[in-house]
Amino acid sequence: MSATSSAGPVLEVDEMRVTFATDAGAVKAVDGASFQVERGRTLGIVGESGCGKSVTAMTILGLTRAPNATISGRITYEGSDLAQMSDEDLRAVRGGGISMIFQDPLTSLHPFYKVGRQLVEAIQVHQPLDHDQARARALELLGLVGIPDAHRRIDEYPHEFSGGMRQRVMIAMALSNEPAVLIADEPTTALDVTTQAQILALLERLQSELGMAVVLITHDLGVVAEVADDVLVMYAGRVVEAGTVDQLFYDPQHPYTWGLLGSLARVDKRTQRLSQISGQPPSLISAPEGCHFRPRCPHEFGKCKSVPPLAPTAADDHRDRCWLSLERKRDLRQLADGRIGLEEPK
Amino acid sequence: MARYITRRVLWSIAMLGIVSAVVFAIFYVLPSADPATLRAGRSATPAQIEIIRESLCLDDPMPVQFVDYMKGIFTPLETCSGKGPLDFGNSIFQNNEPVLDIILDRLPATFLLVTGAVILWIAIAIPVGIISAVRQRSLLDRTTMITSLVFISAPVFWLGLVALYLFAQDVGLIPIFPGIGSYNTSDNLLARAGSLLLPWFVLAAATAAIYARYIRSQMLDVMTEDYIRTARAKGLSERTVVLRHGFRSAVTPVITLLGLDVGTLLAGNAILTETVFNIPGVGSEVAGAIGSSDLPLIQGIVLFGAFFIVIFNLIVDVLYAYLDPRVRYE
Chain A
1 MSATSSAGPV LEVDEMRVTF ATDAGAVKAV DGASFQVERG RTLGIVGESG
51 CGKSVTAMTI LGLTRAPNAT ISGRITYEGS DLAQMSDEDL RAVRGGGISM
101 IFQDPLTSLH PFYKVGRQLV EAIQVHQPLD HDQARARALE LLGLVGIPDA
151 HRRIDEYPHE FSGGMRQRVM IAMALSNEPA VLIADEPTTA LDVTTQAQIL
201 ALLERLQSEL GMAVVLITHD LGVVAEVADD VLVMYAGRVV EAGTVDQLFY
251 DPQHPYTWGL LGSLARVDKR TQRLSQISGQ PPSLISAPEG CHFRPRCPHE
301 FGKCKSVPPL APTAADDHRD RCWLSLERKR DLRQLADGRI GLEEPK
Chain B
1001 MARYITRRVL WSIAMLGIVS AVVFAIFYVL PSADPATLRA GRSATPAQIE
1051 IIRESLCLDD PMPVQFVDYM KGIFTPLETC SGKGPLDFGN SIFQNNEPVL
1101 DIILDRLPAT FLLVTGAVIL WIAIAIPVGI ISAVRQRSLL DRTTMITSLV
1151 FISAPVFWLG LVALYLFAQD VGLIPIFPGI GSYNTSDNLL ARAGSLLLPW
1201 FVLAAATAAI YARYIRSQML DVMTEDYIRT ARAKGLSERT VVLRHGFRSA
1251 VTPVITLLGL DVGTLLAGNA ILTETVFNIP GVGSEVAGAI GSSDLPLIQG
1301 IVLFGAFFIV IFNLIVDVLY AYLDPRVRYE
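The listed protein sequences derive, respectively, from chains A and B.
Quick note: the first sequence uses this note's numbering, first residue 1, plus one each step.
Quick note: the second sequence uses this note's numbering, first residue 1001, plus one each step.
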């Protein structure tokens, strides 16, 4: 909508599809995901394990490329389509314009190399600095992510760091070339709750200082509520709802989102019981035809056998993939005690 | 690091003592027959047996014999039968020559054979292992893995004979390599190395195949690690990802295997290759000693071999700590 290119999205994903050929059949890991992120904003991608959110993130950087993978769609970054780029060209983007941090900081750093060396390596791939300059930059980065005593710790091995400190090292590494987009794939899942809060606060601070766009992948709605500006809810390879964080929490449109919200434990309200989503997510090899959520949805009706489009219903920038009418949804999502949840209609 | 190494060294010294004691038990305590009769050979007279009994001090009580034996190996002290250290006694069938002298005389040939073979098999196994892992299920991968299976299955003595039949200068169809016994007629290092070309290939073939498969499976494992994904996400070239991040991790367990293999080969495990090619090494010496029941010589070689294995184990442990920083802080 904006006329100036500078205010437009820095990364735009359009109809991304990723299919893996396996012995058991074709796994449709991502089935048409579209989204965009802008500088200074955080997009949260939520969903259960196996819903395709990590594959989506890794595909942006071509990390899912494999002989058995079929990838289609457009991934536009700085005017070029990353999906069509050669591995060679894509390497300049990886860790450069777009960088990534992963779920498990315990296994994501090479156990045999000192932290400093791994940082220097990341810096030198993209910047023409000699070793001393790169090391100075590495020290600066370790300071930036809040690692105390950095000049000593730079010569330590990953196993000498705690989980939270290792994730800080990963973040420092991801920031080493001042990326425009930072993709964080479950960055706090492997950490304990207090460390989690510190890492999230760090990410928020760095984002406001450096003005990056952040794509935050998580299964934790609490994390989304805390840091995301926009949210994408994924289910079984498809985006089922997309909107701002407020739209999603206060006016959720898709029954799956209701289910996610209903299963959130809250400390401020005492509820009789948490509502839950019965059943299991479908296999991505033989997902049900039509709406993928149909077998678990108590509000299913005839129309659900055909795939609903991801279309705006409640607002222009609030899209969802459900056949129910706006009025029906607002009626059905309300539980007896006033909360939002997914339950059998009375 | 220093503490780790000290601990390893002390443990290795203890190991040497334990191994020596076990060898003593095998050669002096466990045999039901009289050790002197066993050593005297098949057609010895009672007088000869008596001489051996005296020279080995077999009339002393067992504990005294044991202390004497250990003194002879580990200390520079006089013992009943000779003077240490590393006194393994004298050979019975080789003019009463000290066993240690015989072993030291045979060691260079074995050493040269093993060194060449190790270099060869490493030089083959590393590239084959890496490439077949990176190009898994490619034609190259399948070809090298099937070839390696052939070499693993082929017995060394058979492979040696085939190699001689095909390539040896004396009996071969395509006489391009020096043949049987050429080592004995070579008078300088270069000629000896030349005479060992064929044995090197034969000894290295099966091991190279095993190592290639091992490195391949290690690489396949390592390349699925999270830190490999991190390395790719950094924007490193695939070459750097494979070699600096993948191979660096995959090679560590290979070092362990290599240390043990080199140890056992130096200890006489190259017996088949040495026998087929008539190389005067420790392996062919032990074959001869077993043939003539030269017990002191067998015992000496067994002990010496065990020492090699213990020492190479120590080298591996120290190397491991150098290669894997996590080991140092155990």
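Do not take every clue at face value.
[What the hints assert, rightly or not] Computed list of lysine to aspartate or glutamate pairs in DMTMM-like fashion (alpha-carbon distance at most 25 Å, straight line):
(1) K1083/B - D1059/B
(2) K303/A - E327/A
(3) K114/A - E48/A
(4) K114/A - D149/A
(5) K114/A - E1054/B
(6) K305/A - E48/A
(7) K1083/B - E1054/B
(8) K114/A - D1324/B
(9) K114/A - E160/A
(10) K114/A - D1059/B
(11) K114/A - D1317/B
(12) K1071/B - E1054/B
(13) K303/A - D1317/B
(14) K303/A - E38/A
(15) K114/A - D1226/B
[To be verified] Quick list of simulated restraints, FRET-style, between CB atoms:
(16) D89/A - R1137/B: 22 to 30 Å
(17) A69/A - R1003/B: 58 to 66 Å
(18) E140/A - Y1004/B: 28 to 36 Å
(19) E140/A - R1137/B: 50 to 58 Å
(20) I1176/B - G25/A: 49 to 57 Å
[Unchecked claim] Which residues of chain A face chain B? A partial, calculated answer using Cβ under 10 Å:
(21) G95
(22) L106
(23) P158
(24) F161
(25) M173
Source of the hints: derived by calculation from the structure; they are not laboratory data.
No experiment lies behind these values; they were computed from the predicted model shown.
Positions of the beta carbon are idealized from the N, C-alpha and C atoms, including for glycine.
Tested hints:
no.	hint	result
1	K1083/B - D1059/B	holds (19 Å)
2	K303/A - E327/A	holds (17 Å)
3	K114/A - E48/A	violated (35 Å)
4	K114/A - D149/A	holds (15 Å)
5	K114/A - E1054/B	violated (63 Å)
6	K305/A - E48/A	holds (23 Å)
7	K1083/B - E1054/B	holds (16 Å)
8	K114/A - D1324/B	holds (11 Å)
9	K114/A - E160/A	holds (10 Å)
10	K114/A - D1059/B	violated (62 Å)
11	K114/A - D1317/B	holds (21 Å)
12	K1071/B - E1054/B	holds (18 Å)
13	K303/A - D1317/B	violated (68 Å)
14	K303/A - E38/A	violated (35 Å)
15	K114/A - D1226/B	holds (17 Å)
16	D89/A - R1137/B: 22 to 30 Å	holds (27 Å)
17	A69/A - R1003/B: 58 to 66 Å	violated (48 Å)
18	E140/A - Y1004/B: 28 to 36 Å	holds (34 Å)
19	E140/A - R1137/B: 50 to 58 Å	violated (45 Å)
20	I1176/B - G25/A: 49 to 57 Å	holds (55 Å)
21	G95	holds (4 Å)
22	L106	holds (8 Å)
23	P158	holds (9 Å)
24	F161	violated (12 Å)
25	M173	holds (7 Å)
Of the numbered hints listed earlier, those contradicted by the structure are 3, 5, 10, 13, 14, 17, 19 and 24.
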